[in-house]
Amino acid sequence: MSSRRPVVYPDTTAPLRERTREALADDALAANLRAAGASWGAARARIASENPFAQMRDRAREIRRGDVRDLPELLDRLEERVRAAGGVVTRAADADAACRYITDLAAARGARLVAKSKSMATEEIKLNEAIEESGLRVVETDLGEWILQLAGQHPSHIVAPAVPLNKEQVRQVLMAESGWELPSDREALVAHARTRLREVFASADIGISGVNFGVAETGTICVVENEGNARLVTALPRIHVAVMGMERVVRDWDEAAHILQILPMAAIGDDAAGYVNLITGPRAPGEADGPEELHLVIVDGGRSALLGTDLEEALDCIRCGACLYSCPMWRSVGGQAYGSPYSGPIGSVLTPLLEGMEGERSSELPFMSSLCGSCHDACPVGIPLHDLLVRVRARVTTAAHRRDRARFRLWSLAWSSPAAYRASVLLARMGLRLAGRRGWARRLPGPGAEWTSQRDLPTRWPPTPPR
Amino acid sequence: MAADTAALSEGILAALARRRATGAVVRASEAAAAAVARAGEWGVARSLLVDDPVLDELAIGPGLALGADGHELLVWPDGRGRGWRELLGLEGPERTMGVTVPRLGVAERGTLVLETGPGHGRSIDVVSTYHLAILPASRLRATLAEALVETYARDGRAPSAVSLVSAPSRTSDIEKISTLGAHGAKGLHVLVVADR
Chain C
2 MSSRRPVVYP
12 DTTAPLRERT
22 REALADDALA
32 ANLRAAGASW
42 GAARARIASE
52 NPFAQMRDRA
62 REIRRGDVRD
72 LPELLDRLEE
82 RVRAAGGVVT
92 RAADADAACR
102 YITDLAAARG
112 ARLVAKSKSM
122 ATEEIKLNEA
132 IEESGLRVVE
142 TDLGEWILQL
152 AGQHPSHIVA
162 PAVPLNKEQV
172 RQVLMAESGW
182 ELPSDREALV
192 AHARTRLREV
202 FASADIGISG
212 VNFGVAETGT
222 ICVVENEGNA
232 RLVTALPRIH
242 VAVMGMERVV
252 RDWDEAAHIL
262 QILPMAAIGD
272 DAAGYVNLIT
282 GPRAPGEADG
292 PEELHLVIVD
302 GGRSALLGTD
312 LEEALDCIRC
322 GACLYSCPMW
332 RSVGGQAYGS
342 PYSGPIGSVL
352 TPLLEGMEGE
362 RSSELPFMSS
372 LCGSCHDACP
382 VGIPLHDLLV
392 RVRARVTTAA
402 HRRDRARFRL
412 WSLAWSSPAA
422 YRASVLLARM
432 GLRLAGRRGW
442 ARRLPGPGAE
452 WTSQRDLPTR
462 WPPTPPR
Chain V
1450 MAADTAALSE
1460 GILAALARRR
1470 ATGAVVRASE
1480 AAAAAVARAG
1490 EWGVARSLLV
1500 DDPVLDELAI
1510 GPGLALGADG
1520 HELLVWPDGR
1530 GRGWRELLGL
1540 EGPERTMGVT
1550 VPRLGVAERG
1560 TLVLETGPGH
1570 GRSIDVVSTY
1580 HLAILPASRL
1590 RATLAEALVE
1600 TYARDGRAPS
1610 AVSLVSAPSR
1620 TSDIEKISTL
1630 GAHGAKGLHV
1640 LVVADR
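The listed protein sequences derive, respectively, from chains C and V.
FYI, the numbering for the first sequence is 2 to 468, going by my numbering.
FYI, the numbering for the second sequence is 1450 to 1645, going by my numbering.
Next up, chain C with everything else stripped away, as it sits in the complex (with noise of 0.2 Å):
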């Protein structure tokens, strides 16, 4: 059975604030962070300035916008012509109806390997955890993805999971795992792992993915990918399980084309990915690989409850981590610190919403942002990540945001009425002046410590220059 591999970060048992000062004082993780950012960013301005980015932006959006809205169509549309090309289309509710089924599956097929390549959605359903106590091995066989496995952590990006470690990390973790001596070089690192998981391709009874988009008008899963691995996970094992979010389809080709183009734009500062994976159906009468069946997992894990509410938009995300590269928080912290799948911007405005609203990480999250609005200028389908945070900060109610609540209805109450007002303004000053001395306030009591903790405050205006 499964053995559980200690996990670095996140330590979700640990509070926001605990596991952000760790991370902060991680001067190797500092270092990671700032050079994948400046690569992205370098990277993603060229590709913004040789394309018509701010029109192509425009356009996704109404594209998202409009595939959202008519979502429940669409993926009946969509089901409907994936059976019609001989897969099987189940709807999951929620993460244990996902996994049951697919534990349930590998159970019925005397599946013993299980080769994954990169998913969030299958992060969000813990499903290699699922997969393990079934008594399976599953391979993670996305490089990044691989180290981390064997590491034992979780990804702390959407597109790259790997970012918090460096090359001697990377070859620890390679070394520990095969027993082989490995030269601290990055083409080598590359070459044994692609020979290592090679074996696991070749020998695999299911192959895992992911999926980018679902295209409705043809039944078609998109795979988008770099490596190669999400193609031989997709061809070579007898069956192949695709796991889907339901929020992500379009409507056709000329949509699909569209997605498939401002994605790596923004992911990877690219306008391709290195390859694309569209696969309708299990392998065809006649041909010689691909696999014997399909079957894609349409995931809702609380995603129906969004639509119509004005938070909605959240499902307009194509997970393409450009509000995570762009966004000061998770520049200085990195995704691990969020101890939840989904990171940076759109994690804290997505983990409250699918875990609902009472977990610790719910509470915690949406406020973890200086609502610069950065994400939102990142995201390449124009999502309000900033007013989506507001939104989602509005619904957190643990003890402290309701006295927090109760606080603030009594101020506007009394700032309500100029005698109070002025009464408080005169009582405030009055206040200032005993407790400061020469001008300046360093130690208010009550709820003015919390300023003073940080800063000094002028008893008088204008204030006596400080000494």
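No lab work stands behind these hints, which were simulated from the structure alone.
Keeping only pairs whose Cα atoms sit at most 30 Å apart, straight-line, the calculated DSS-like set for lysine-lysine is:
#1 C:K127 - V:K1625
#2 C:K127 - C:K168
#3 V:K1625 - C:K168
Since the structure of chain C is already known, use the hints to place chain V on it.
Leaving out everything else, chain V in the frame of chain C:
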């Protein structure tokens, strides 16, 4: 070659070059020699070919067999009989080449549209160490939207798999520095056949 085809040919090669793929525009009579030269440069001992009339017409297979001593030719789907371990390079020759004939090419983005069928295995280019694509210039389209709409507009069942290939296999998962040959082909070379 018509002026617009020439521009499209240059376009696809320029876009591919930005992603570290290589290529050239050749005449039909030169294609076999160019394929042999490429196989020599990569040092491959075996080629896995799609079964396609374009390769027959250009005599790519016979060219490779004659041009390089001891060069082994496998043609899909018979080649599939070797089993995945050998096709993946875990057994047998270390360096291999997959030879494909894309259904279409996209000039604007530098993209090959590989369509699966009985003679066109979907894994040929990624199981091999290197990928050589033979693209008749008449199959070039300006935009991705044009190419995809055309690919899926036909009557009947859509192709079971279509692979868009725009680069050699690459990864940036170690220190964000792009490294070639992660899982698929380490090199991609495209021969655009001007008069086909």
